[in-house]
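Student: Listed below, chain by chain, are the residues.
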Amino acid sequence: MPKLTPEEVQHIAELAKLTLTPEEIERYAADLSAILEYAQQLQQVETDHIPPTASVLPLRNVMRADEPRPGLEPEEALANAPEREDGYFKVHAVLEGSQ
Amino acid sequence: MNSLPQTIHASRQLLRSGAMTSVELTEAYLERIAQKEPEIHAYLHVAAEQALAQAHLADERMAAGQDTPLLGVPLGIKDIITVRGMPATAASRILEGFIPPYEATVSRKLREQGAVFLGKLNTDEFAMGWSTENSAYGVTHNPWALDRVPGGSSGGPAAAVAAGEAVAALGTDTGGSVRQPASWTNIVALRPTYGRISRYGVIAFASSLDQVGPMTRDVRDAAILLEAIAGHDPKDSTTFPDPVPPYSQMLAGGIQGMRFGLPREYFTADMHPGVQAATLHAVDRLRALGAIVEEVSLPHTDYGMPVYYLIATAEASANLARYDGVRYGYSAQAPDLQENYKLTRGQGFGEEVKRRILLGTYALSAGYYDAYYLKAQKVRTLIRADFDAVFQQYDALIAPVAPIPPFRIGEAPTDPVSLYLLDVLTLPSALAGVPAIAMPAGFVEEDGAQLPVGIQFIGRPLDETTLFRIAYAYEQVTTDFHLEDTP
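Chains D and E, in that order, give the protein sequences.
Sequential numbering from 0 applies to the first sequence in numbering that gives the first Met the number 0.
Sequential numbering from 0 applies to the second sequence in numbering that gives the first Met the number 0.
Hints are supplied without guarantee of correctness; some may be wrong.
A few chain D residues that don't get close to chain E, going by computed Cβ distances all over 10 Å [what the hints assert, rightly or not]:
(1) 2
(2) 5
(3) 21
(4) 25
(5) 67
(6) 75
(7) 85
(8) 86
Keeping only pairs whose Cα atoms sit at most 25 Å apart, straight-line, the calculated SDA-like set for lysine to any residue is [as the list claims (entries may be wrong)]:
(9) 89/D - 73/D
(10) 2/D - 325/E
(11) 234/E - 74/D
(12) 341/E - 203/E
(13) 341/E - 26/D
(14) 108/E - 206/E
(15) 108/E - 61/E
(16) 234/E - 16/D
(17) 2/D - 419/E
(18) 341/E - 320/E
(19) 16/D - 26/E
(20) 89/D - 419/E
The following label-pair restraints were derived from C-beta to C-beta distances [stated by the list, open to error]:
(21) 236/E - 40/D: 50 to 60 Å
(22) 464/E - 74/D: 50 to 60 Å
(23) 236/E - 80/D: 35 to 45 Å
Note that these hints are calculated values from the structure, not bench results.
The C-beta atom is built at its ideal place from N, Cα and C for all residues, glycine as well.
Chain D on its own, in the form it takes in the complex (with noise of 0.2 Å):
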């Protein structure tokens, strides 16, 4: 039975980039153990030759003509950034000591 401990909660969490209370950690540990456990029915499920489904359409490789069009203005797409700068958007340090 999966069992999820805190610390893989903690790093699921790493690599979904949220910081998480001590107590969200604790809860979430629990829960998606409860789930997770409840989800071990589909192993009853024999599957060995049976394709995946990621899409229910019967449409493949869907193109469009290439041509240029406008797109948005950077005025609009800069128009709901936190921090902006020189038209661009502003982020924060990446490197230690770097401004």
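Following the hints, complete the assembly by docking chain E onto the known chain D.
Tutor: Showing chain E alone in chain D's frame:
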């Protein structure tokens, strides 16, 4: 007593007759909203000024002799669908203040046909939930019993339509999110075939499942709305190129001789007896209309819940990666980039959204992908095959929508497995991508309150025409539940 027209077609009749202008109708609806909102809270944003400007334009178009099925009719839009110039929050703190610089294809189509947008309606955060209790901006109350939830995730649209705060609305259905709230508020809602309606500009939750759906007071309105928004969109490569039939002209014809399957797996052990009784009563009505109803089996039904919650959360974990605090929405303003991603997302997303991101990330992570995600995709193939098999012999299925009537605010099951099982009757059809329409089927009495119960008809892919014909025939012989006013 609400004296406003309750349907799109009745509104059009009124406008066409000249008895009322669109500006007058829109003003009356805005007044109704102001009167009902303190107790319902269906709207996250009321766009009075824009609505009146659209109504004014509609009046000009009518004066110039134009006549389209939606011209001048005031509608509400779930706040997961973008509308130009109106906030789009998906009921999440992480999108607080976001004004989209574009709009959804469905909104554009409605706008071009002259509809009026009253505002944006409440939902569970990112459409993840059953009750609107996961909204970051407060719960919506069920107009039939104010201490109860309206269902979810499209609980705002459902409550607004039921309470007469919009003539009709657009919701979205990923695993039952238009059908379950419709059944808990006594209205009609259609989940169309996957691929029938463009999702361009609709905030993504689970891309292999998300569909936009009409939420209306009657079947004719659902057909009118689908006709208006369905069809191929060059901006959404998952839309069918098939032509859109004139659904609203094809309602009549009856169901004499049609064959219905009643799936035995949909009558779960913990189902409320009133829900079961309402469904069986609807079966009697179909038989009285000359239809054949037989018990059928969809053997993989019970796997729908785990399959859905592995696939939908995996897709959600990828779709919600875009909320990074850099380009739009909330930013925690942490000093370095990595920390800002994590803090922004940790603070900006609510409890259920984080639960699902974690589950989906786990299901996709190295070492677990085959056991969970790939396994779920394979069982999804079997669930779809169940529907293909019954549709060889039957024109449609009839089933309940939710196993229980609406619960009291704050009284949802607390463990996630019991909560996720609330969706068990709407998940398989969503996974199979087949269309389904939820219909009022009566009421159950609980603690003195009349609580709505819904049923659904599930049909073949791209055969909404048959579903509407069934729903319309059924609607004609019900005791006009759909016309009843909320208390």
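Student: A separate judgement is required for each hint: does it hold in the structure or not?
Tutor: Results of checking the hints against the structure:
no.: 1; hint: 2; verdict: holds (13 Å)
no.: 2; hint: 5; verdict: holds (12 Å)
no.: 3; hint: 21; verdict: holds (12 Å)
no.: 4; hint: 25; verdict: holds (13 Å)
no.: 5; hint: 67; verdict: holds (14 Å)
no.: 6; hint: 75; verdict: violated (4 Å)
no.: 7; hint: 85; verdict: holds (16 Å)
no.: 8; hint: 86; verdict: holds (14 Å)
no.: 9; hint: 89/D - 73/D; verdict: holds (14 Å)
no.: 10; hint: 2/D - 325/E; verdict: violated (35 Å)
no.: 11; hint: 234/E - 74/D; verdict: holds (22 Å)
no.: 12; hint: 341/E - 203/E; verdict: holds (20 Å)
no.: 13; hint: 341/E - 26/D; verdict: holds (19 Å)
no.: 14; hint: 108/E - 206/E; verdict: holds (21 Å)
no.: 15; hint: 108/E - 61/E; verdict: holds (18 Å)
no.: 16; hint: 234/E - 16/D; verdict: violated (30 Å)
no.: 17; hint: 2/D - 419/E; verdict: holds (19 Å)
no.: 18; hint: 341/E - 320/E; verdict: holds (11 Å)
no.: 19; hint: 16/D - 26/E; verdict: violated (46 Å)
no.: 20; hint: 89/D - 419/E; verdict: violated (40 Å)
no.: 21; hint: 236/E - 40/D: 50 to 60 Å; verdict: violated (35 Å)
no.: 22; hint: 464/E - 74/D: 50 to 60 Å; verdict: violated (45 Å)
no.: 23; hint: 236/E - 80/D: 35 to 45 Å; verdict: violated (28 Å)
Comparing the model with each earlier hint shows violations of hints 6, 10, 16, 19, 20, 21, 22, 23; every other hint is respected.
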